[in-house]
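Given only the sequences and the hints, what does the whole structure look like? Please build it.
The listed protein sequences correspond, in order, to chains A and B. The first sequence begins at 1 in this note's numbering and counts up one residue at a time. The second sequence begins at 1001 in this note's numbering and counts up one residue at a time.
Note that these hints are calculated values from the structure, not bench results. The beta carbon of each residue, even a glycine, is placed where N, CA and C say it ideally should be. Hints are supplied without guarantee of correctness; some may be wrong.
Below 25 Å or equal to it, Euclidean Cα-Cα: the simulated DSS-like pairs (lysine-lysine) are [to be verified]:
1) A:LYS57 <-> B:LYS1035
2) B:LYS1079 <-> A:LYS57
3) B:LYS1079 <-> A:LYS7
4) B:LYS1048 <-> A:LYS42
5) A:LYS42 <-> B:LYS1028
6) B:LYS1039 <-> A:LYS57
7) B:LYS1048 <-> B:LYS1088
Quick look at which bits of chain B chain A covers, simulated, 3 or more residues with Cβ under 8 Å [unchecked claim]:
8) 1040-1050
9) 1057-1063
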Amino acid sequence: MINNNLKIYLDNLFTPYGIFQGIEEIKSELLSDLNEHYYELKERGLDDETAFQETIKTIGDIQQMVDEILENNQDNYRSLPYNFSGTDMKNTDFRRVKSHNAKFNASNMKHCDFTNADLTGSNFHASDLSNAIFDNTNLTDVKMSAVSLNKSSFVNTILTNTNMSTSEFKEAKFIGSKFINSIMHMTELKKTIFDSCTFTNVDFKYSDLRGICFNGQIFNSVKFDRVILANATFKGAILKGCSFECGFSLSKKYYRDKQKINFDGAFMDKLTYLYLKSYGSNLSNVTII
Amino acid sequence: MYKKNISSDILRGHVDTMILRLLSEGDKYGYEIVKCINKNSNSEYELKEATMYSAVRRLKNDDEIDWYWGDETQGGRRKYYKITEKGKNTYIINKNNWQYAKRILDKLL
Chain A
1 MINNNLKIYL DNLFTPYGIF QGIEEIKSEL LSDLNEHYYE LKERGLDDET
51 AFQETIKTIG DIQQMVDEIL ENNQDNYRSL PYNFSGTDMK NTDFRRVKSH
101 NAKFNASNMK HCDFTNADLT GSNFHASDLS NAIFDNTNLT DVKMSAVSLN
151 KSSFVNTILT NTNMSTSEFK EAKFIGSKFI NSIMHMTELK KTIFDSCTFT
201 NVDFKYSDLR GICFNGQIFN SVKFDRVILA NATFKGAILK GCSFECGFSL
251 SKKYYRDKQK INFDGAFMDK LTYLYLKSYG SNLSNVTII
Chain B
1001 MYKKNISSDI LRGHVDTMIL RLLSEGDKYG YEIVKCINKN SNSEYELKEA
1051 TMYSAVRRLK NDDEIDWYWG DETQGGRRKY YKITEKGKNT YIINKNNWQY
1101 AKRILDKLL
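As structure tokens, this is what we get:
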């Protein structure tokens, strides 16, 4: 007979760690051990409460054990490509998961939590990831094209070679995230929040960045070609080797658009500066570096 | 209390070898390992469940031990741990290493 209080106690103890490989196994072994200990103490005449308290004292440092298991899991399961395509997985807890080249295509993944996960090489094409959390997540080589990422969260996320083209980011937030070689073609970033991010070799071609705030952020070799940037602000931002090409038709509208960008207090290299200058942007308070 | 913590750190460094020693005397399930350590140390060292399972998983990953399901008919089935040939060798090596270190420490401390 299993003591239910012990079971509940163990469940609560493991809750903060989420789901990981081997957790059920270790929990059931622990429960059976604790249960045996509990009934031995009861036989020695201890009352329920004292026996329970004495029993849970024998568990020890669960954090260290979980850390060790996770470390091992990473070695053992590094390249197992899971396939979750076409499934309904909303609200799923993927924290700390290390799953390279997994497939999450065309799935319902609203409110999924990928905090601290490593999803290198995984594919989320055409999935619904609204309200998903990617804080401290490694999204290297991940394909997130044609995805709904409305209200999603990217805090300190690694976005190297990440393809987020044709995705929606309404009210999504990117804080302290690093974009390197990322592709953001035709994205809608109208109400997206960017704070303390760095962009290296990122391509925003054909995206809608109207009213976006890039204040104080760092842009190296970023392409804003044929991007709508009306009312965007780059106050205090650093821009090096960035291009703002507009293609064949240099329409008046395009010039007007460039004029509406706020570069107050920004820093840029000479080429980026001259480039923007030729479009008539207001660069009066820009420092050339 | 302070003293006890220090020595339990030293002891923890040898948990893997303690478990190998116990299993070299016969297969055991998790709780049995904890109980035997407690008994053999006259309750002076209490091996925590979490520490024991970390060690057991480590030993299993290194092929020092193996496990199998027991054939209990009532209650839940138990997972028994069994030492492998590799584990037996490791135990002898670890024990020799410890005796060597102990001999030197006895002279130096």
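**Report entry** Non-conforming hints, listed in increasing numerical order
**Finding:** No numbers; nothing is violated.
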